[in-house]
Amino acid sequence: MLARPTDAQLWQWLGEVPDPEIPIISIVDLGIVRAVRWEEDTLIVTVTPTYSGCPATRVINDDIVAHLAGRGIEGVRMERQLSPAWTTAWLSDEGREKLRDYGIAPPVEDGQGCAVGKAAASVAPVRMMRAGALSPATPVVPDGVFVPPVAPPSVSCPRCGTGDAERISQFGSTPCKASYRCRGCLEPFDYFKCI
Amino acid sequence: MADASATDGALFEYLLRLGDNCLILGHRTSEWCGKGPALEEDIALANTALDLIGQTQLWLALAGEVEGQGRSADDLAYRRDLMDFRNVLLVEQPNGDFGQTLMRQFLFDAWHLPTLQALAASSDFRLAEIAEKAVKEVTYHLDRSTDLVIRLGDGTTESRARMQAAVDTLWPLTDELREGDDIERTLAAEGVAAAPEAVARNWEAHVVGALRQATLSRPEDGHGRFKGCGKQGRHSEHLGFILAEMQFLPRTYPDASW
Chain A
3 MLARPTDAQL WQWLGEVPDP EIPIISIVDL GIVRAVRWEE DTLIVTVTPT
53 YSGCPATRVI NDDIVAHLAG RGIEGVRMER QLSPAWTTAW LSDEGREKLR
103 DYGIAPPVED GQGCAVGKAA ASVAPVRMMR AGALSPATPV VPDGVFVPPV
153 APPSVSCPRC GTGDAERISQ FGSTPCKASY RCRGCLEPFD YFKCI
Chain B
127 MADASATDGA LFEYLLRLGD NCLILGHRTS EWCGKGPALE EDIALANTAL
177 DLIGQTQLWL ALAGEVEGQG RSADDLAYRR DLMDFRNVLL VEQPNGDFGQ
227 TLMRQFLFDA WHLPTLQALA ASSDFRLAEI AEKAVKEVTY HLDRSTDLVI
277 RLGDGTTESR ARMQAAVDTL WPLTDELREG DDIERTLAAE GVAAAPEAVA
327 RNWEAHVVGA LRQATLSRPE DGHGRFKGCG KQGRHSEHLG FILAEMQFLP
377 RTYPDASW
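Line by line, the protein sequences are chains A and B.
Take 3 as the starting number for the first sequence in my numbering and just add one per residue.
Take 127 as the starting number for the second sequence in my numbering and just add one per residue.
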């Protein structure tokens, strides 16, 4: 029997699996592969969905199984993990650069513009509460107030690099993106939403 | 300690409400696909529907697990009859014009977000992890629907009239969003469900604040006609048409796959 590949080797192989909708980045760049572990001769790969209705989820699972089979690992079981919920903070720096080169503006995680994403991220991760790190009583949202719509984040055009772009829709070609248009070069582009 | 089977029965009902709200609103919203007033809005409507259908799969899969009869999310979505659906009446209402679709989404989102925020701290981990995921998506839904209600309400004479007509039409159907029943109160007391009073307080504050900014009048309360109707399986005539379209294929060709 062949020696079992190291974890580093497994992560490198997983890093060769492209995201089906944005093939310029890998599923590891995207931050959705959460863990790999062995149970006897079966490799368990834990993946978290980006959006709960993302149609790519099933394709990603099939792609992982097929790619690892091509590397000689036959027994692979996919597991889904919902909590902690995926956040764009897990996108790798390399992934962000690749997105920009591909024409998609990467998520803007700092500044007021990401307030929607920040509000969403402020919900305490369930796993942290379970581990006792956070109290479920921690107030995470203001009670009984009107929350006005948030100004769209200021996004730089990935084509011409100017910082002057307007949001034309809060959604884009996939659930993870919003639509913007550059006021400089007038090109429309996708912005990878911060969540 | 409460009787475990009684608690599971209540939890099953509660999960059906959460799942059916997402399923029926997701289906209704998807009816706009290819017909939106502008390409960007068409895409936004379809994406919102997709989020809701994704959440449906999570809630109904858990409902099937809690019920323990081996029913999958698909079984629950496609092989239940009208009176077994537990969605609120609001979400099964016809799309009407774009203004009515948006107002329906806004009135629902304003209930959905505080419900999910409370559920993310549920004592039942299975509910909490789904809510933690869904809350991110629904934060965007509410931000968008609030923004558009304000812009169209405080817009042209035409858009303002349409938004006021929409809120007047839909307002009586919000009673059951704001009023809890024994199932919700019992599960909330156990820390499992969202406390209906707290959700109603948040709903009221957000909705009234947005309507004010939109220069729309808040309709009068006190109709009292639709309390707990949909949640208890008493639906409007519209749901049957939705189910006929949605369930036709899996009922005619059971276990079809492609």
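Treat the hints with care, as some may be off.
Said to hold, decoys possible - Derived DEER-like restraints, expressed as beta-carbon distance ranges:
| # | chain 1 | residue 1 | chain 2 | residue 2 | range |
| --- | --- | --- | --- | --- | --- |
| 1 | A | 150 | B | 135 | 39 to 45 Å |
| 2 | A | 65 | B | 135 | 26 to 32 Å |
| 3 | A | 57 | B | 163 | 21 to 27 Å |
Don't read these hints as lab results, they were simulated from the structure.
Cβ atoms here follow ideal geometry from the backbone N, Cα and C, with glycine treated the same way.
Evaluation of the provided hints:
{"no.": "1", "hint": "A:150 with B:135: 39 to 45 Å", "verdict": "holds, 41 Å"}
{"no.": "2", "hint": "A:65 with B:135: 26 to 32 Å", "verdict": "violated, 41 Å"}
{"no.": "3", "hint": "A:57 with B:163: 21 to 27 Å", "verdict": "holds, 25 Å"}
The structure shown violates just one earlier hint, number 2.
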